[in-house]
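*Asks:* As a plain string of letters, each chain reads:
Number of protein chains: 4
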Amino acid sequence: MIKTAIAGASGYTGLELVKLISNHPKTSLEAVTSNSYQGKSFTDIFPSMRGFKSLICTPFDANELADKVDVVFLALPHKVSMAFAPKLVDRNIKVVDLSADFRFDDAKAYEAVYQPHTASNLLKESVYGLCELNRDRIKGARIIGNPGCYPTSILLPLVPLLKEKLISPQGLISDSKSGVSGAGRSLSLTTHYCEANEAFGPYKVGNHRHTPEINEVLTKAAGERVSLTFVPHLVPVTRGMVSTIYARTRKGAAEKQIRATLNRWYENEPFVRILPPDKFPNMSHVKGTNCCDIGFHLEPESGRLIIVSAIDNLLKGAAGQAVQNMNIMFEIDEKAGLDWVQTPL
Amino acid sequence: MIKTAIAGASGYTGLELVKLISNHPKTSLEAVTSNSYQGKSFTDIFPSMRGFKSLICTPFDANELADKVDVVFLALPHKVSMAFAPKLVDRNIKVVDLSADFRFDDAKAYEAVYQPHTASNLLKESVYGLCELNRDRIKGARIIGNPGCYPTSILLPLVPLLKEKLISPQGLISDSKSGVSGAGRSLSLTTHYCEANEAFGPYKVGNHRHTPEINEVLTKAAGERVSLTFVPHLVPVTRGMVSTIYARTRKGAAEKQIRATLNRWYENEPFVRILPPDKFPNMSHVKGTNCCDIGFHLEPESGRLIIVSAIDNLLKGAAGQAVQNMNIMFEIDEKAGLDWVQTPL
Amino acid sequence: MIKTAIAGASGYTGLELVKLISNHPKTSLEAVTSNSYQGKSFTDIFPSMRGFKSLICTPFDANELADKVDVVFLALPHKVSMAFAPKLVDRNIKVVDLSADFRFDDAKAYEAVYQPHTASNLLKESVYGLCELNRDRIKGARIIGNPGCYPTSILLPLVPLLKEKLISPQGLISDSKSGVSGAGRSLSLTTHYCEANEAFGPYKVGNHRHTPEINEVLTKAAGERVSLTFVPHLVPVTRGMVSTIYARTRKGAAEKQIRATLNRWYENEPFVRILPPDKFPNMSHVKGTNCCDIGFHLEPESGRLIIVSAIDNLLKGAAGQAVQNMNIMFEIDEKAGLDWVQTPL
Amino acid sequence: MIKTAIAGASGYTGLELVKLISNHPKTSLEAVTSNSYQGKSFTDIFPSMRGFKSLICTPFDANELADKVDVVFLALPHKVSMAFAPKLVDRNIKVVDLSADFRFDDAKAYEAVYQPHTASNLLKESVYGLCELNRDRIKGARIIGNPGCYPTSILLPLVPLLKEKLISPQGLISDSKSGVSGAGRSLSLTTHYCEANEAFGPYKVGNHRHTPEINEVLTKAAGERVSLTFVPHLVPVTRGMVSTIYARTRKGAAEKQIRATLNRWYENEPFVRILPPDKFPNMSHVKGTNCCDIGFHLEPESGRLIIVSAIDNLLKGAAGQAVQNMNIMFEIDEKAGLDWVQTPL
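Residue numbers (our numbering), protein chains in the order written: chain A, 756 to 1100; chain B, 756 to 1100; chain C, 756 to 1100; chain D, 756 to 1100.
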């Protein structure tokens, strides 16, 4: 059994991790930490868990954790993660970090949108945990930077097409839509029920922090500088994410080739589902799964490619991919604990 | 492994059964039948299942099923069930019927609100599958009438209090609220998005078919005729059910006794959670679980008892309880396949 | 033209008042005050108003208002209202107060659930603004205590039936359900989108502050002490309120009499709609109107009367009734500014 | 008073028209027709209207209408409109048609996506009722083709920018999102509550019938062939529409010029609101209004222009614009009956 702990368990991602780890056949959950709820019972925070999981939230203590666990999931805010992670890695505990702190190759790119990086040594060795694309490097890693939800939905379809030169790296657009749980459990007017209900609109147009994370990976895939136009929107649902991506095919690239390429990359992947022609993803089809659904349409005349991808922002976009990363790191069945569909209805 | 089939798999209850049975450690799913979708892939009906479960819907054929399975779940409309069930029982296949057809002891009570009963012999032997209260009889049963969702939410709290004479059998009221999935997948103006969204109100006031089902069980528990006032309401959520029940305590019954009684009946039950004082159920706390949460408040002066119960209408109110019944019938761990929390957020 | 001001315009009730007053044929809106947004444009707080109403929020100043207006709507929190109201009344400005501060006849009843009353002289002269029942006293009033939303939905159907001795004053129950806007615009975990969405449950069981307000009026109507059992619930919609009320008819009272009585009291009332037999109210039917819909069903055998009433909590439950009160106070057409249906869909 | 009738009043657009016309200071509503509900009271179809508007639905009869009214709004399905419209125009009744039948200049473009046009003479004289852009021609028109909701949201921002050569006519994309009421009141699985709730995704990718309607107008504005990439999505709200539009600026066009141009075209328009820098539209800001909100962001490096527009699909996208067209046709105040905000909360 892999012994695990979850730091920052009182947020929505924390809750998902607790559920996934509790239902995982090869793990035990040894500790949950929470700053704001220390000493409290986990079921007082999330009454749905009553009777299923009896846990008391403790403060984060690297020494205590080192005695108890093999891996820690950090479901913490940016900045807090990079303070905690080195203490764990130093004690030979593996880390899957769900913040942005260990997602970048380039500390400067990180610092341009977040803050000074205080653990840049560790940043150098951390692996970007986009499982399907970085599996080999994840295996040996001591620390994983678990991808953002928007980047996951955008990178999975685009990386293969850029690598295989089927689409132009210029003029890429992602019009993305997220459920409200992406904004977390902290209170704000934007996520106040009467403001988010029966509403829909874009936010952070032109300056969302996920943009550089996306561009760094796309640039590597394309072999030249990529600058995606990214517009996120808030949808009145609790969970789910859809990205509608617009690209231009390179001369000659036909629908057949695009399909063949995506199939080649993903047909053996359990968590990427390439939809048949004329079928498109919907948030409701991936809710409660670790899947990324991908559908596409090629406008014959213009060569414009429309790709639609969908994930559950809390699963493949956060806790699910984190568990998938752990499965790869520990070289157990990658599907363990993820091979089922939670409530899709 | 218990070999199972699900008849009527294309409805919402059918989908839940497919998911539960697929994740159940001791069962295999051998067939799904659907009248309207025969020959179609199950994932065409419910795209969320793509990659998880590959199934083709077949027409219902008792002989074929008899060769393949040990038990059939009938997630069929009233009337269809009583045509199919005898064919299965005759072939020594156990049946868990989710329609109303095998819920009544008294064929006349059934016929008063449904239609003439065409399998009244089988009705005599069928057991009302309210697991916590009828466990012993369920064990040996060949056919189970799986309780309605409203009755489940009302009977679990009331039966113990009536049996132990803590509340009066007169003047009982249940003000109940159901999510829209309770109305199924058939189209109607009531469940058209723009009509159900941002709306709330009662329906079938004074003549809901679940009332006689509830009264039959309450009458037996009380040892005298009970006639509950039942008012169902439609809530704009997909899944969930709350019943707010009003009763009068018998002279002398104090909060302490009520709590002690409910605890005594249910403290070892995995799927009934008696909430601590001043805590009350919410649909969101039971969503994705097979639990019935029960909280209560006794008005000191008036002796009025307010009981609130909550279930997931598709799980404890339908598919979850059906699986629990199967577990009991086959004498395996009652929690098998049900010991986890699906997406509560 | 009646010159008006709205104090506390930045809440949801304030917004409704601004819209109603702006569309009212006999009023002008001279000032809006807001503590938290002073100096800000009203359209920055509520972008929907851009182009329709250009207003700057000012701090509350009784002297300034006295020079400008005939009447002030106080859409302020409890306690703040009773500090502001006397200053206005002293300057001969009429006041419609939407807080609880001037709703009670009995200061002690108020103090038992709120705080010490610092304007009890004014409390003595203030009139409870339930328009249909107190019209004569409202006419001459200087200050109105605008009723709570729950009380409005409960009192309109019950007062006539109690006064005419058709129902027993004992054993009354109201199982009430409110949309989330009833909780206002202040942030809380309860009204955080992901907590309120796809959720439903009771709150403040046994101790909601509206209970004594309701009981004071019912007691007067019955001529004997009434103690209603009141259980409020939160529904995932923005606006709307339904109360399902349970009463016992007095011996001999038949459906016909009940209907005749309600019709006699309300058939000439523009804002109370007694529904025909077998029709019941729904939040969606009153949304955007100042109406209270009332439907009922009498269980023939038990004599149990089920009454369902529905209002828009922000209109008949708050801002709409406040404007109706102003219309009565100034003896203009009672329907002015309220004789239309906003977005019911 | 302008005498009006509404044909097809039992749909959601019909209901909006009834409300708008009933509150309009210069019109009377003489008749409502409905095929499916003839002989029924309008308040039986829409109980919210009880007490406000007493109307009986009649069958459509051109002779009867000709005796009674000056103008008829046709809120009918495609094809039915072109059968009815000529009968009215022949009798000197003005027509505002809300179907697609009279929106096209080119009958062939219409026939390519709908069906053979049976009133092509009338099509030649009909005016495309995009009020802000075609006001002069609308004035003298006998028949108006009221624009589709998607086209309205896309054309209002794009036409000025194309006409003034600030953006390239190549590579235009509109990623559009509509509330569910856009699909009307006819039942379908897509608009069944449990399917649309907690869901989001694209539909009709590559073949929505609004695309040729949009392209015809854009082509005229640009003076060269325009082929917009259009992807509509369904959002789980009742009403509202947002289009996120991607364009490339022509060399030299700066944010300043774009803003100046939009302001010049629209600053005196009561129903187009150009938002200040860094502000973006939201469905909730236009709900219940006849406004189109437009915000934009220019990516400095790439020259990519991101324009976001929002309308209420049932008002500026249908019934509101229809009334605005009538106001222009009859040369009364264009804002009459539209100069207020319905429930934005």
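Because the hints were derived from the structure by calculation, they are not lab data.
Fair warning: this is a prediction, and the values are worked out from it, not measured in the lab.
Check the hints yourself; a few may be wrong.
Since the list gives no way to pick out one identical chain from another, each pair is judged satisfied if it fits inside one copy or across any two copies.
Claimed, not checked - Cross-link-like lysine-lysine pairs, in silico, DSS-like; alpha carbons within 25 Å at most:
| id | residue 1 | residue 2 |
| --- | --- | --- |
| 1 | 1090 | 808 |
| 2 | 1090 | 781 |
| 3 | 959 | 1034 |
| 4 | 781 | 959 |
| 5 | 959 | 795 |
| 6 | 1011 | 823 |
| 7 | 808 | 1034 |
| 8 | 781 | 863 |
| 9 | 808 | 863 |
| 10 | 808 | 781 |
*Asks:* It remains to establish, for every hint, whether it holds in the given structure.
*Replies:* Taking the hints in turn, this is what the structure says about them:
1. For the identical chains of this complex, residue 1090 and residue 808 are neighbours both inside a copy (22 Å) and across copies (14 Å), given an alpha-carbon limit of 25 Å.
2. Proximity of residue 1090 to residue 781 under the C-alpha cut-off of 25 Å is found in both arrangements, the shortest distances being 11 Å within a copy and 20 Å between copies.
3. For a Cα distance limit of 25 Å, the shortest separation of residue 959 from residue 1034 across copies, 10 Å, qualifies, whereas the shortest one inside one copy, 30 Å, does not.
4. Taking the shortest alpha-carbon separations for residue 781 and residue 959, neither the intra-copy value of 40 Å nor the inter-copy value of 43 Å comes in at or below 25 Å.
5. In this assembly of identical chains, the alpha carbons of residue 959 and residue 795 lie at most 25 Å apart only when taken from different copies (23 Å versus 35 Å within one copy).
6. Proximity of residue 1011 and residue 823 under a CA criterion of 25 Å is satisfied in neither setting, with 52 Å inside one chain copy and 41 Å between copies.
7. When the C-alpha separation of residue 808 and residue 1034 is checked against a cutoff of 25 Å, the pair qualifies only between copies, where the shortest distance is 18 Å, while the shortest distance within a copy is 39 Å.
8. Taking the closest pair of Cα atoms, residue 781 and residue 863 never come within 25 Å of each other, the shortest separation being 38 Å inside a single copy and 53 Å across copies.
9. For the identical chains of this complex, residue 808 and residue 863 are neighbours neither inside a copy (42 Å) nor across copies (45 Å), given an alpha-carbon limit of 25 Å.
10. Taking identical chains as interchangeable, the C-alpha atoms of residue 808 and residue 781 lie at most 25 Å apart whether they share a chain (17 Å) or sit on different chains (23 Å).
Hint check: violations occur at hints 4, 6, 8 and 9; the rest are consistent with the structure.
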